[in-house]
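*Asks:* What follows is each chain in one-letter form.
There are 4 protein chains.
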Amino acid sequence: MTAPNKAGKRIGILTSGGDCAGLNAVIRAVVHRATGYGWQVLGIKEGTQGLLQRPVQYQTLDLGSVDGHMMRQGGTILGTTNRGDPFAYPMPDGTLKDRSDEIIGGYRELGLDALIGIGGDGSFAILHKLAQKGGFPMVGVPKTIDNDLGKTEVSVGYDTAVAVAVEALDRLQPTAASHHRVMVLEVMGRDAGHIALAAGIAGGADVILIPEIPYSIESIAAKIQSVRDSGRNFALVVVSEAVKTLEGTGVKKILQGGEKRYGGIGDYIGEKIADATGAETRVTVLGHVQRGSMPSPRDRLIASAFGVHAVDLIAEGRFNRMVAWSNRGVIDVPITEAIEHYSCVELDGALVKTARGLNISFGD
Amino acid sequence: MTAPNKAGKRIGILTSGGDCAGLNAVIRAVVHRATGYGWQVLGIKEGTQGLLQRPVQYQTLDLGSVDGHMMRQGGTILGTTNRGDPFAYPMPDGTLKDRSDEIIGGYRELGLDALIGIGGDGSFAILHKLAQKGGFPMVGVPKTIDNDLGKTEVSVGYDTAVAVAVEALDRLQPTAASHHRVMVLEVMGRDAGHIALAAGIAGGADVILIPEIPYSIESIAAKIQSVRDSGRNFALVVVSEAVKTLEGTGVKKILQGGEKRYGGIGDYIGEKIADATGAETRVTVLGHVQRGSMPSPRDRLIASAFGVHAVDLIAEGRFNRMVAWSNRGVIDVPITEAIEHYSCVELDGALVKTARGLNISFGD
Amino acid sequence: MTAPNKAGKRIGILTSGGDCAGLNAVIRAVVHRATGYGWQVLGIKEGTQGLLQRPVQYQTLDLGSVDGHMMRQGGTILGTTNRGDPFAYPMPDGTLKDRSDEIIGGYRELGLDALIGIGGDGSFAILHKLAQKGGFPMVGVPKTIDNDLGKTEVSVGYDTAVAVAVEALDRLQPTAASHHRVMVLEVMGRDAGHIALAAGIAGGADVILIPEIPYSIESIAAKIQSVRDSGRNFALVVVSEAVKTLEGTGVKKILQGGEKRYGGIGDYIGEKIADATGAETRVTVLGHVQRGSMPSPRDRLIASAFGVHAVDLIAEGRFNRMVAWSNRGVIDVPITEAIEHYSCVELDGALVKTARGLNISFGD
Amino acid sequence: MTAPNKAGKRIGILTSGGDCAGLNAVIRAVVHRATGYGWQVLGIKEGTQGLLQRPVQYQTLDLGSVDGHMMRQGGTILGTTNRGDPFAYPMPDGTLKDRSDEIIGGYRELGLDALIGIGGDGSFAILHKLAQKGGFPMVGVPKTIDNDLGKTEVSVGYDTAVAVAVEALDRLQPTAASHHRVMVLEVMGRDAGHIALAAGIAGGADVILIPEIPYSIESIAAKIQSVRDSGRNFALVVVSEAVKTLEGTGVKKILQGGEKRYGGIGDYIGEKIADATGAETRVTVLGHVQRGSMPSPRDRLIASAFGVHAVDLIAEGRFNRMVAWSNRGVIDVPITEAIEHYSCVELDGALVKTARGLNISFGD
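Those sequence lines, one after another, are chains A, P, L and V. To convert, note that position 332 of the first sequence is 331 in numbering that gives the first Met the number 0; the numbers rise steadily by one, no gaps. To convert, note that position 113 of the second sequence is 112 in numbering that gives the first Met the number 0; the numbers rise steadily by one, no gaps. To convert, note that position 41 of the third sequence is 40 in numbering that gives the first Met the number 0; the numbers rise steadily by one, no gaps. To convert, note that position 249 of the fourth sequence is 248 in numbering that gives the first Met the number 0; the numbers rise steadily by one, no gaps.
Keep in mind that the hints were calculated from the coordinates and are not lab data. The beta carbon of each residue, even a glycine, is placed where N, CA and C say it ideally should be. Any given hint could be a false lead.
Quick list of in silico lysine-lysine cross-link-like pairs, DSS-like style, CA-CA up to 30 Å [claimed, not checked]: (1) K271/P x K44/A; (2) K44/L x K271/V; (3) K8/P x K222/V; (4) K8/V x K222/P; (5) K150/L x K150/A; (6) K132/A x K8/A; (7) K8/A x K222/L; (8) K44/A x K222/P.
Every beta carbon over 12 Å from chain L, so not counted as near; a handful from chain A, in silico [as the list claims (entries may be wrong)]: (9) L245; (10) R317; (11) P333.
Build out the structure end to end from the sequences listed, making use of the hints.
*Replies:* Okay, here's the thing in structure tokens:
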């Protein structure tokens, strides 16, 4: 590796964990801000995997790399991965091995002055541990379509995921009405109901099921009956994938013979509704289209603000922090706080209150 | 019922079978053309169901009914249904009953001079039989997202269904690339592969599986390996829901314990690909969003042309015909021919040739 | 008029001033919340015009009126108007007349218990004056694509207007790059630069001109030269319609011979840039498509929250207030404060800072 | 330049004239098909400009160059230009110079076996003349948003341009209805009315003005009055930019003081309608967003079929031909015929008939 750019700093950036819309806009903002400072930016490939391989896998990022259409694209030009905690890395022989020193070595090989990690709580926990052990400066940018990261009002990728889910409801409504059906839409959300809640309100749902609120089929059926009584012949139901079956288990356990996964909680709920109401019911599982969509304007705005601020934190020598959105602006918080604090749907928050005001049932 | 409009004709219109995008644009065009002739249009509710009920369920359609946003909406303002061949109608006690006379009676009660039926081959067969038995004039407008109706190049709803599938591929591509995944998209198409073929080409698929071309997993795996060899780290696979398993059965039989349906052929293919290639594979089943979307400009154009021509056929006293699209314009054909002639993907047609030219594999 | 609904209240709702996306979602939320209370909702047509006419122009709004597709549509089902301050109403003979008593009379004739006005600062000033004079309870819901209303972080319609402008930039970028052009996009914003600022950041603009920051052509030209120096062959420029010419006047005065309006400030800036840089320049004036688009998910969320809260204010007997968005939730403020307080772009706010961090030039 | 690839052919490809959606999909298809033959593809930059410069400006195109998102993007990765007939090339000193030999020299320098030119009639005329003079094999792929190229049913870029115009009408309709306005939309179309006609039908226009049909303001005003009489309070008017003023001149001559262009025919028509009907009228000039949009599925399909067939023509040694769309498939025609034959709107074609059936006025 050649000597670091003496005229300025050399910083690394990587994307880690599940991809989402807006990652490229963060990368672009980081490159623009760092270039403005006269720094060099190295984009590390495949999250920490790029630092594990030899030679280290990276690409130099300059203004030309991030021009034009790039910020408008979903995914991440750097690649990402969910595989492998480097402190207990799964080896081909089935054992787990601590490979953290290799990653720290990869970081050193690039001659970096600091690292920007774009990730969620899991990625931050690993990156923070690596930074502590390796003694290198690190700053985090929060991204997750689930929006369950603590200490930030919103994470990159959430707004777009909601928009894709709302668009699906916009499309299911006319076909539901034409056929007098109950349409069930299963949306993403590993542990929290944020996508389901926002999409359900904006998409005109009658029922929203989220893991934060226990439901009963009787309650859902009663709501669907009240919709019928009002003279309407269809209903829209949004279910977060994080919702459990009434038996308290995830749907995969129930439906899978062995390791195979067919269907999801949406299918389970759809069947229960059909049984309880006699309604013609159809289920749509939205899946990965929620991740790869062109980022919404708001995701691009937030991503851009985050990227600029992350570089500024490095310029100011303020490390181990996560940039965050609060009250219309960018702040930063200790990354350890963000890792520890989980954000599920607030039951007395504005959105739940709005949903109840719209006579949306949570099945409770 | 009051006497028919002596100043002109009174015609009925109904939508039958599965809904799709563009039905409202047909209805609007019919109302505009008939109003131009000074005729009256009655919209019958829920396909032939509206003629079965007493009082007959219908609404008068005038220019005000079809103004503004209506043509832009998916679904059908008249409602539709897949239920019930009136010649063998399923009764609550489980028996089948010939209720065709009731429907013909409903038609007579409205004092109609002719009926426009918007439907697919199944609906046309029933409507034609009713028209023959009842001795009333009937004209058909073809609609089906599957585009498998004979004697017309294209049916209403197909273009939009393709567009929704392409949009899904546009969204799956960046997330596939970010994670080095094989993304499988299952699209609609009851018996024919038209949606899969067009969407696969326009959406940049590497593999397209359609029922018209037998596949092997080895062949699919070889294609995915050749993509890897070219230096690309992801692949897109489109599967028509009409594709059978290698065992020659529909996937429902295999995956269902009893009558329940979990998953589809996409899940089956995804699992086989993962097993054969070791690739990380994800499956998306697009489902009903393909039906309810806002109609594409082309679907609105075709629907409008069909609606106008259907009314003109009545004006000219030319009945038992289906309007059709051929070589940039509207023609009409005997409806019996359309019912008899099924249109699957032509293996030596322009689209298959184009797909092969793009090195897309059909798994053969 | 029949007697008021004794079982509950009867409230009126109207939309006033320029239309925007999300108005129907407010109306829907009001009807849902009020119906939940057992109240009756009357929708007044064409803003205060409906109260001016005899018979008073209104429609009863129940759940059936707001079902289905309605919340997804742009515009307002009630109609709206910019015409006519009722305290100085333009009469056919050219004189101005105080017709406020007629409007108050219209309100009384409907037997209303309270009025919800959806509008901007101008509409609120008039409605508040009417409410004071007429002694009737009133609550305001803020809407304006310009987002320049004080005391609320965001108004209904803004998010969608930004989204439409960003989409235009997404489309102009590839054609700009293909032809090596400077593309100028003029966006709405009567007096403030909010749309231009947010759209410019999210849409990848190189230059953003807003009325809050004086510009010089030299500075813009220098930015475009620096883009060229970086190796990029095109540039995107966003101009708020509120920007003045360098001579300090609105562009209409300059370009219009008499009362006719051809072109706008975008044309002016485009010509100046072409002259100063020699670049091939093209101008797009986005216009009214920013108003009528399908509301974005965020606009629907905010609109829904506002509608519910507005009804709750009436239920609680808290009048002369405007609902507002603050820090992720709904609050309410005295409507007089909202009328008095104007919100232009904060020069030290997060968005301006982000834009500067991205090396976007404001022409200063 | 190194020796040509002996294992196969080396072909060049360039895009020429105004850009549009779908060009990248043609390029991708050419690369895929040629790579399948074992050939090499060189992409020439900026149309014929790349062959004029020394060193010749080009990039090698392989499968990696055209992977992933590229086919989904508007514009052309090769760049294009409208400048400069090489047989009469505008020199800096204001004279015109025959530089055709330089371009032929550039072609030779690359060691090409054939050239694929993607363009319109103007580009084809020049390319054909160059190919004749230089004695090199050439094949043309038709692209133009205007769809006015003879001998092909459709050209690349048209479907997307129509879709963008329809989307604009979808957005103008609600705001028109809310404010009781007449909305005028000016769409592209240099000499023919194809975009206006198709977009007007699919977008629900009441009036469509195209250069092929003379109009009178009286007739337009009568149509708007009949809309009012039917109880509707708004109207949509689509105007092709190719429409002339009533004085028979283009609007630029009228509105421009000198060489500057402010406004267009839309503004002229809007003003005339306002004067004749007293209606509140607003004008939107759609402009360049019609070119740069993400290509529609149909444009990608046609582009793909064209690209594959163009390579096949070279493989078969059939030159001086243009690929074309006819009756659901790809054919090819002598390029001289395509250059000579201009395609304007057929007055007795299916679309005009459909428009009249929908009671759309052409102002005649």
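*Asks:* Please go over all the hints and tell whether each is borne out by the structure.
*Replies:* Evaluated hints:
Distance hint between K271/P and K44/A is fulfilled; the C-alpha atoms sit about 29 Å from each other, no more than 30 Å. Between K44/L and K271/V the alpha-carbon distance is near 29 Å, which keeps this suggested pair within the 30 Å criterion. Of the pairs offered as hints, the one joining K8/P and K222/V holds, with about 25 Å between alpha carbons and a cut-off of 30 Å not exceeded. Under the criterion of a C-alpha separation no larger than 30 Å, the hint pairing K8/V with K222/P is consistent with the structure, at around 25 Å.
Distance check on the hinted pair: K150/L and K150/A sit about 25 Å apart at the alpha-carbon level, within 30 Å; holds. The suggested pairing of K132/A with K8/A holds, with an alpha-carbon distance near 22 Å, which does not exceed 30 Å. A hinted pair counts as satisfied when its Cα atoms are at most 30 Å apart, and K8/A with K222/L qualifies at roughly 24 Å. A C-alpha spacing of about 25 Å is found between K44/A and K222/P, which places the hinted pair at or below 30 Å, so the restraint holds.
Distance to chain L confirms L245/A as a non-interface residue, since its nearest Cβ pair spans about 28 Å, more than 12 Å. Distance check on R317/A: its Cβ is at least 16 Å (rounded) from any Cβ of chain L, clearing the 12 Å threshold; non-interface status holds. Non-interface status of P333/A relative to chain L is upheld: no Cβ of that chain comes within 12 Å, the nearest being about 20 Å off.
Of the numbered hints given earlier, the model fails none.
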